[in-house]
Structure formats: C-alpha cells, structure tokens
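Asks: Below are the chains, spelled out letter by letter.
There are 2 protein chains.
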Amino acid sequence: MKIELASKYGFCFGVKRAIKIAEDNTNSRTYGPLIHNSKEINRLKENFNVGLSENLSDFTTGDKVVIRTHGIPKNELKTLNEKSIDVIDATCPYVTKPQLIVEDMNNQGYDVVIFGDESHPEIKGVKSYAQNNVYVVNCVEDLELIPLREKIALVAQTTRKIEDYQAISNYLIRSHKEVRVFNTICNATFENQDAVRDLSQKADVMIIIGGKNSSNTKQLHSIAVSKCENSYHIEGPDDLEKTWFKDKKHCGISAGASTPDWIIQQVINSIEKI
Amino acid sequence: MKIELASKYGFCFGVKRAIKIAEDNTNSRTYGPLIHNSKEINRLKENFNVGLSENLSDFTTGDKVVIRTHGIPKNELKTLNEKSIDVIDATCPYVTKPQLIVEDMNNQGYDVVIFGDESHPEIKGVKSYAQNNVYVVNCVEDLELIPLREKIALVAQTTRKIEDYQAISNYLIRSHKEVRVFNTICNATFENQDAVRDLSQKADVMIIIGGKNSSNTKQLHSIAVSKCENSYHIEGPDDLEKTWFKDKKHCGISAGASTPDWIIQQVINSIEKI
Numbered sequence: 001m002k003i004e005l006a007s008k009y010g011f012c013f014g015v016k017r018a019i020k021i022a023e024d025n026t027n028s029r030t031y032g033p034l035i036h037n038s039k040e041i042n043r044l045k046e047n048f049n050v051g052l053s054e055n056l057s058d059f060t061t062g063d064k065v066v067i068r069t070h071g072i073p074k075n076e077l078k079t080l081n082e083k084s085i086d087v088i089d090a091t092c093p094y095v096t097k098p099q100l101i102v103e104d105m106n107n108q109g110y111d112v113v114i115f116g117d118e119s120h121p122e123i124k125g126v127k128s129y130a131q132n133n134v135y136v137v138n139c140v141e142d143l144e145l146i147p148l149r150e151k152i153a154l155v156a157q158t159t160r161k162i163e164d165y166q167a168i169s170n171y172l173i174r175s176h177k178e179v180r181v182f183n184t185i186c187n188a189t190f191e192n193q194d195a196v197r198d199l200s201q202k203a204d205v206m207i208i209i210g211g212k213n214s215s216n217t218k219q220l221h222s223i224a225v226s227k228c229e230n231s232y233h234i235e236g237p238d239d240l241e242k243t244w245f246k247d248k249k250h251c252g253i254s255a256g257a258s259t260p261d262w263i264i265q266q267v268i269n270s271i272e273k274i
Numbered sequence: 001m002k003i004e005l006a007s008k009y010g011f012c013f014g015v016k017r018a019i020k021i022a023e024d025n026t027n028s029r030t031y032g033p034l035i036h037n038s039k040e041i042n043r044l045k046e047n048f049n050v051g052l053s054e055n056l057s058d059f060t061t062g063d064k065v066v067i068r069t070h071g072i073p074k075n076e077l078k079t080l081n082e083k084s085i086d087v088i089d090a091t092c093p094y095v096t097k098p099q100l101i102v103e104d105m106n107n108q109g110y111d112v113v114i115f116g117d118e119s120h121p122e123i124k125g126v127k128s129y130a131q132n133n134v135y136v137v138n139c140v141e142d143l144e145l146i147p148l149r150e151k152i153a154l155v156a157q158t159t160r161k162i163e164d165y166q167a168i169s170n171y172l173i174r175s176h177k178e179v180r181v182f183n184t185i186c187n188a189t190f191e192n193q194d195a196v197r198d199l200s201q202k203a204d205v206m207i208i209i210g211g212k213n214s215s216n217t218k219q220l221h222s223i224a225v226s227k228c229e230n231s232y233h234i235e236g237p238d239d240l241e242k243t244w245f246k247d248k249k250h251c252g253i254s255a256g257a258s259t260p261d262w263i264i265q266q267v268i269n270s271i272e273k274i
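Residue numbers (the numbering used here), protein chains in the order written: chain A, 1 to 274; chain B, 1 to 274.
These are calculated hints, taken from the structure and not from any lab test.
Since the list gives no way to pick out one identical chain from another, each pair is judged satisfied if it fits inside one copy or across any two copies.
Taking lysine-lysine and the BS3-like style, the derived pairs with C-alpha atoms no more than 30 Å apart in a straight line are: (1) 218 - 97; (2) 212 - 39; (3) 212 - 273; (4) 177 - 78; (5) 151 - 177; (6) 177 - 161; (7) 218 - 177; (8) 8 - 177; (9) 151 - 161; (10) 8 - 151; (11) 151 - 74; (12) 97 - 177; (13) 151 - 16; (14) 124 - 177; (15) 151 - 97; (16) 20 - 177; (17) 177 - 227; (18) 212 - 246; (19) 151 - 124.
No experiment lies behind these values; they were computed from the predicted model shown.
Bound conformation, chain A alone (with noise of 0.2 Å):
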C-alpha cells in the first residue's frame, strides 16, 4: 500500500509560534491548553514544566502565565492583568486580528455576526471584544432566527471551510444593505483544506491527525469523508484499526494545525507496520 503524506498539513505559524514561545517561558502556566493536542502539552509540561490551569482564580499575584494560541476573552486578560502577573500571549495573530475587527466594527455600531463554534475557546475570545449587538452562527439557518440590523461585519473562525463562508455571506448580501465581510480563514487552513482535497481524490483510505476537539482537524476530516468514504479521524497510532486497510492501496495522510510532526511520524511507522 503507498502511504502519501498531503502537499499541505500539520502546524501552523500560529501554533509554532506559541509552541516556541511556551518552550522559551519555562516553569509557567496555560491558561487551558495551549493547542488542541493532549500530546504535544504533555511533552511541554515533560520537558519545559510548562503546566496548564483551567481555572482563571488558579493564577495569582507573581505567576507567570501564557495565553492559549485561540486567545482568551477580554476580561478574563483584564482581570491577570489587574492581578500583576506575568503575562505572556501566545494568541496566534490570525486571532488577534478578528478580536480587533469585532470590537472596533462594534464600536462603529455594525450588528456583528460571527461564524464558528459558540463553544470554543477562540470563538469565545473573539466574542466578548464587542459590547453587544453580536452573533455567533454555525450556519445559514441559525441566520434566520436573528433581528438583524442593515449594516453587517461579519467574521469568520480562522479554521472553517471558506465554501461555508461564502454560504454565510451570500444569504446576509440578500438581505442587508452592507455586508462587510473580513476573510479570517488563516492560510494554513486554507492550504491544509485544499491539499487534502486534493489527496482524498486520489486515496482509498484517509488518515487524519489531530485533537479530538480541535476544530481546524475536523474540518480537515469532513473534507476528506466528502471525497473518500473511509476516512477517519485519530488522535494517534494506538487509534489505527486494521481493517481499515484491508485491500487498500493508497493511504492519504493529513494533520491539524496543532498535531507535531512526531506524532504523524508514529502514526506512519504503525500503518507502515500494518
């Protein structure tokens, strides 16, 4: 069986970038997990005692703590903050920038809808920088629930599929008379997407890596189900399952933004194997 490995797939700047940044600030603490891996947070409180706290009350005057790559709400950075700890943000900068977008077209009194998860964390984050006025939607038809007023921002979580964007985006210009729609799709996502696309065209099997609740893998793994019916979504090699490969010949390969090259080297040393 070939195994081919996507043109695109695996970390991110953003995720590289917080993984440097966590690396250089030994002895801290995340403020919840720096990435969307179990694995790679285990391999940083291992070798640079880089821990991790879910509750903001955990962190207190003279503590050192870093700030997850999907960002954090605005009061929650204002209450560290207020409590004079070391602060260090890891935010990736893609997330930084629809946080910027939505409280200043906030404050320019546009309704704000925002597309992705209500329940995670860079959505949250993302959120709480406008005042009111503002929407998370997860599709077109959480749309139709929603008083919208004639002038729309619109923004977008940096990992979703830009197909559902512009799904998003075509019913508000129907209706509104100003949709101003900023493209917060990162390029990796971007890159990662069209690459496995364009493997799982070609594969009769697909193996994507990455966190079970990280948002940009899931995505990566709807595509790829979309284009190749066996396809499946691991965390690692102890996921593998045999039969998954019986009479195959062709193994495409992808990871998420936040899986280490470590890992998908395991997972392919253990396919290799079977």
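Chain A is already provided as a structure; the job is to place chain B on it using the hints.
Replies: Below, chain B without anything else, positioned relative to chain A:
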C-alpha cells in the same frame, strides 16, 4: 388560453418619480432618455413638451434640463451647474446611493468594484464618482484580470440578479482581507425578478415587455427563458407573433421597470385577439 400577469411587474418607484418630475417641468429637455422606453418618452414630448437632447453642449444658460433616472457622470453635472442651467434631478435615489458609496469608499482608500455594464448610463455615472482604482466587471472572469488590493468595496448596478452578484462577492471573499458588499440592487428589481421566476415555471409562453436597451427588462427575460423556453422580449404589441401562441395554454406576462401600464394593456389586448 389563460393570460396571467406576474404578481409584481412594471414601473418602479424611481421611474414613477421621474415621470412625475418630467410632467411637472413642461417645456424642458432631458439629457439622454429619461427612462429606457421610447414610447413613454414620445408621450412626454407630445403631452408635456419635455424634449430630449443627447449632447451636453446642446444645453446653454437659461435652459431647463431634467437629469435621467440613470444619473449622469459627476463632471457633466458640474458642467451643467456651471453654465447656470436650471438642473432638475430625476436621478433615481437608488442610483444616487451607489454614486455616493463609490465616492466615499474611494476616498477611504478602498479599491472599488462595480458589477454592471460599463456601457450603461447608470454605470458610467456611478463609476465617475471614483477618482481611481475603480473597476467595472460583468462576470467573475473579468475579475481574474484585475490586480486588486486587499480592501474592496463592491456595488452592483441596481437591476442585476442577486445570484450573479453573490458569485462576484464569493470570488472576492476567497482572496481578499475585506470585501465590503453594498446591496445596491433595488427592491423593485428583486420583486419583479422573483415574480417572473414564479410565473415562468407555470406558463408555457412568456411575454416580457420593455425597451430593448432596458437592463432590468433583459434580466427579467433571462430569468423567464431559464424556466420557460418560449419567452420573448418585446417593446410593444407590434412585436407579437401569432406562432408563439400556437397550442399554448398559459401565457405569462411581465414588464420592465420603465414600461408604462398603457403599453402593457395594449399588449394584453392584442394577445387576447390572437
């Protein structure tokens, strides 16, 4: 044969308003045709002595000029005002709006994309309100040739189809940081188009009445023909052909925004005789 009018058709707000303005200003001349309907223009000449001049230089101090519904280029309006001509503006307010948007966006440093027909008077006028970095496109393919910068403002000719406008917007959203989409398609266009779409799915012959150079009538005809292949664009009863109605059971009728009711009635009378 059943004859059925579309639920919405014919004169829009801007055309009604312009005709009222012309009727109130006897012994004047329009600069270019007031609306795209030569029969109605003849009526204004005969009943109200509202003439028509195609050349700017025909107007001199003391004249009374009525500005057409489609508007005119900014510098030509300036020339008329400088000559101390009595300028009566019958530009449709829905056309004035994209003119002002284009001027404002261009001043704010946006590249301006106008979706429309470069040779149409409305678009000549709208385009003239930008000083530079303004582009008129008729389809997505036109966009591929233009070196646009990151921030785009997008407006549409008032009479365009929303689906085509969305295609332009979708193309731009994919590759630009900000696309500020102004929905400048007028409501009458929307309503007449929706109504002709419905009717042409039921009828077996469709008659669309309006000036041959009327953009919105052409759009109505293109929608009709996509649902009912026996769809014909006529200017008045003289254009009707008996063979169109042979063995037909249901004749649908619609008319462009510049088509007066008296022409529509003449057409219905003629079809009834056939």
